[in-house]
Structure formats: C-alpha cells, structure tokens
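Taken in order, these protein sequences are the chains called B and P. Just so it is clear: in the first sequence, position 36 is 36 by my numbering, and no numbers are missing. Throughout, my numbering is defined as the position within the second sequence, counted from one, plus 97.
No lab work stands behind these hints, which were simulated from the structure alone. Keep in mind that this is a model prediction, so the values were computed, not measured. Backbone N, C-alpha and C define an ideal beta-carbon position, used for all residues, glycine too. Just to be clear, a hint being listed does not mean it is correct.
To be verified - Computed footprint of chain B on chain P; a stretch qualifies when at least three of its residues, placed anywhere within it, have a C-beta under 8 angstroms from a C-beta of chain B:
#1 273-284
#2 322-334
#3 468-475
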Amino acid sequence: MEGLLVSLYVFVLAIFVGFEVISKVPQMLHTPLMSGSNAISGITIVGAVVVAGRVESPVSTVLAVVAVVFAMINVVGGFVVTDRMLQMFKARGDTSK
Amino acid sequence: MNESASGILDVAVGLAYLVAASLFIVGLKRLSSPRTARRGNLLGAIGMLIAIVATLLNQEIVSFTWIVAGILIGSAIGLWLAKNVKMTSMPQMVALLNGFGGGASQLVAGDEYLRYAAGTISPSLDVQTTIMLSVIIGAITFSGSIIAFAKLQEWVSGKTVVLPGQRFWAFAMFMVMLGIGGWLVIQPADMTLYIALNAIALVMGIFFVMPIGGADMPVVISLLNSYSGLAAAMTGFVLKNNGLIISGALVGASGIILTKIMCDAMNRSLPNVLFGAFAGKTMGGGGPAASAEGKTYRSVGPQDAALLLAYARKVIFVPGYGLAVSQAQHQVREIGEMLQARGIDVSYAIHPVAGRMPGHMNVLLAEANVPYPQLIEMDQINQDFEHTDVAVVIGANDVVNPAARHDKSSPIYGMPILDVDKAQTVVVLKRSMATGFAGIDNELFYDEKTRMLFGDARKSLLAVIQELKNV
Chain B
1 MEGLLVSLYV
11 FVLAIFVGFE
21 VISKVPQMLH
31 TPLMSGSNAI
41 SGITIVGAVV
51 VAGRVESPVS
61 TVLAVVAVVF
71 AMINVVGGFV
81 VTDRMLQMFK
91 ARGDTSK
Chain P
98 MNESASGILD
108 VAVGLAYLVA
118 ASLFIVGLKR
128 LSSPRTARRG
138 NLLGAIGMLI
148 AIVATLLNQE
158 IVSFTWIVAG
168 ILIGSAIGLW
178 LAKNVKMTSM
188 PQMVALLNGF
198 GGGASQLVAG
208 DEYLRYAAGT
218 ISPSLDVQTT
228 IMLSVIIGAI
238 TFSGSIIAFA
248 KLQEWVSGKT
258 VVLPGQRFWA
268 FAMFMVMLGI
278 GGWLVIQPAD
288 MTLYIALNAI
298 ALVMGIFFVM
308 PIGGADMPVV
318 ISLLNSYSGL
328 AAAMTGFVLK
338 NNGLIISGAL
348 VGASGIILTK
358 IMCDAMNRSL
368 PNVLFGAFAG
378 KTMGGGGPAA
388 SAEGKTYRSV
398 GPQDAALLLA
408 YARKVIFVPG
418 YGLAVSQAQH
428 QVREIGEMLQ
438 ARGIDVSYAI
448 HPVAGRMPGH
458 MNVLLAEANV
468 PYPQLIEMDQ
478 INQDFEHTDV
488 AVVIGANDVV
498 NPAARHDKSS
508 PIYGMPILDV
518 DKAQTVVVLK
528 RSMATGFAGI
538 DNELFYDEKT
548 RMLFGDARKS
558 LLAVIQELKN
568 V
C-alpha cells in the first residue's frame, strides 16, 4: 500500500507539472501538441514490452504482442506525424521544401 | 548475475525512466513556440527511445523474439500512417493513434490480470484495483477513439446519433461496469466476468462518442487524448512504474487543458457537449430550414468576388471545416499571395474550434506555406474586422454567426465568435444555403453586405484566381 501512495504522489504532482508546462502552448500549435503528447502516451510500450517478454501462456503472449504493436504504432506514428507537421510551420513564405 | 550487480541494474533502469520523463517535460515545454517545437518533439522521441531500451534490460524478460517482432510491425505501421496521412485527415489520425494507445493499456492490464487469475501470484487489493481501472479507461479510450475515427472518416454518420434510451442505458451500463469491476477486485478469478467487464467498457466507449456530432469533435478528441494519458498512467500503477505514471499524467493534463479550452471556445460545459443538450435544443425547433424562408441573400460570381478583393486594402480570410473538406488551403494561400503582391494587407482569422480538432486550421494553412505570423487568434483579430474591407469566410458557419452575440434563443448564444459582420463586405464561400452542422440558420448570410459565392470552395477559389489574373 505504501508503494501505491508514493505512486499517487508522483501522479498528482506530474499532473500539476503538465498543467504548468502545457497551458503556455499557443492555439496555433494545438494539433502538434495533441499528436506529440499522444505519442508520449504510447509510453505504455514499456508495460507491453515487459509483459511480452515473459513466457507464460499462449493467450498471454498474444495479448502482449498485440499490445506491443498497438503501442508502437502510437509511438512511431505520433512522433513522426508531429515532426511532419512542425516542419511546415514557417515564419516567412519559405517555399523551399 | 550476482545480487549486487542486478541491484545496480535496477537502479540504472529506474534512472533511465527518470531521464525519459524529464525529456518529455522539456520536450512539451519546447512545443510552446513554433521555433523550438520541432526540437521539442525530437527530445520526446529520444526520451521514448531511452525508455524502451531501458525496458529491454528488465530482468523479467526472458524472450525477445516476440518483442522485436511486435516492435518492428508496430513501427512499420506507425511510420506508414505518419508518412501517408493527408494534413486534412489529421483529426482522424490523432483519433486512431489515441485508440491504439488506449488499446495497448487495456491489453497490458489484461495480461497482468491473467497472471493473477492463474494464481501464480497472489493478488493484492491495490494491484487489482489499478488493473480494473486500467482495463476500463483503456477500453473506453480504444472503442471511443475508433468511433471518433470512423465519424471523422465518414464511415459512420458524423451527425449527432441519439440512440433510444441513450442516457438511461449509458448510466445503467456505467453502474454495472463499476459493480463488476468492484467485484473483480475482491474475486479476481472469475474469467467470464472479466471478459464481460472488457465488453461493457468497449460498448461504453461507443455510447460515449456516438451521440456527439462533427462540430463537437475538437472536444471529444481532446478528452480522448486525456484518457489515453490516464490509461498509460494506470498501466504505470499496475506495473509500479513511476516513469509511466509521470508520462501518462502529463498527457492526461494536456488533454484536460485542451478540453477546457475547446469548451470555453464554444461557451459550453463539458457535460453539455457530451450529453447532447445541443442536439435536443435544435431538434425542438421544428426543422432547421424553417427560419430561412422569406429571407433574401445576394449571390456573387467569381469575377465580382475577385474585383472586391483586388480593390480592397485589408482582407481577412476566415477558414472553417469546409476548407478542409474541399482541400482548398493551397488556393487560399495563392490568393493571399496575389493580394499581397498588390500591396493588400492579408491575414487569417482562426477560431479555436474551427475544424475538427484543436489547431486544425493552423496545420492546414501551414501545410500550404502560409507564414504563421499571418494566422491570428480570435481575441486579437476581432478588433480588426471594423477596419477590414473584405472578410472571406471559407466553409465556416457557426463560428461567424452573429446570433451568438444577441439571440438568447439560439443554441449557440454566448459562444465567442469572429466578428466578421463588422467588415465592410463579407464574401461567404459555401456549397448551398443549407444550414451548418448544428442546423442553425446564420443571419450573416442574409446581411446586406454579405455576398454568397456558391460552390465547392476549391473550385470557387480557382475561379477567383483566374479572375484575379485578369484584373
């Protein structure tokens, strides 16, 4: 139970940090913020990798591997698409691509 | 490996998660300016790489085959999606990615559940609780996001779909879900109930997004974004991994902030958006087109529109979802540049909820190479409309409806709008006189200084470009 309490502290404090950091993002960048933070939520990959590495039952392995695939789509798709968007934001009409 | 060496490894792995979480925070912070944003995103990606590599050192892992296979397949799909998605389809993309994140959380929790249910390890109350929460949040995020994706992709109706007894069933399901979840915390061995819990949570997600219409999508996507973060944090609780908890909490917070901004921009509360009070109100109005009768509007051809623009001193473009639908962003930019070459002051007014997700219009116009200093937020640009000769509304409707300012009976009363009607002349590009998503008639279209340019926005703008060349 004590471990849970510590985790809860971490969770709540991190939410406050999130509010502080993100409330300053301008409207212009809301979509990249969303896709970028979305990629970060793919951190579930860590959990997926851990459970996929155990050898327990076939069912468990299938669940875990699908979880790895899902999380990895989330991570790679999220970061790459965010980068693709952000490289388009230019201050002047720079047409070089 | 001996005892102390494995202890050191554990500490190293823990520290790596801390570094990853710090990189996420710094990366998100850098997203606050277009100059540093790209670097920020890269920092986030590096953080993720560090977290994944550190996880591979975890000593619970005995087989790497499946992990590597999963990582390769997932990366390939993710990369393909990210490289091929059109900028106009970005809301669908984000919804889909959200769904995958939520689904992954649900599955990881499921895998943990199997271990406890099999009796290999005795369950503790806190672990069981977090597993159930993780399953519920993950499943709702997954199915809700898939429905949002299908709506945005127009695989299912983007309109408000009200199922019979919607609220009652949603509430009943919610209570049953909590009941089963609670029971499973105490009696985890019942596999049938566990599967039922998953199924009910998935149906909940569908019920939750189905009634929400297209124009409210920015709120729903923001909220699902928040859920996907919470789901990741819950997975962190299950696995007792603070790195996951911090990262998930950051995303959860980000989604909550965006949700609030979107609700404020529509002057509606979150429950109002989610439980469809909006739909009920307009439906009671006895048919959306009724109020349009007997009023006259003035239509205009591309030639006259081009003349109006060519002899203006200040022009403001007001893009909406219609711009995304007809993919007209490049044509808008081209006209903008032609006008600027004539010495005309050109800017773009961006309403916070224009489009289907927060910041949707900014991304489209950035793709078309519109310099971002020309994209101006509502609060700053509203005072400029008075001194504007021509405001060009492209596929926007409710966000420029003056009824929001004065008509207390209007469902959008109180919503902050772009004061387009204060410009000297307003040119509205629209397919027809049909009402917008909300079914609300727009008095702007009947204003005597408004000119309607009917047709697909892209084709209309191409015609205007041709005419501008001859002026």
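A quick look at each hint next to the structure:
{"no.": "1", "hint": "273-284", "result": "violated (count 0)"}
{"no.": "2", "hint": "322-334", "result": "holds (count 9)"}
{"no.": "3", "hint": "468-475", "result": "holds (count 5)"}
Checked against the numbered hints given earlier, the structure breaks only hint 1 and satisfies all the rest.
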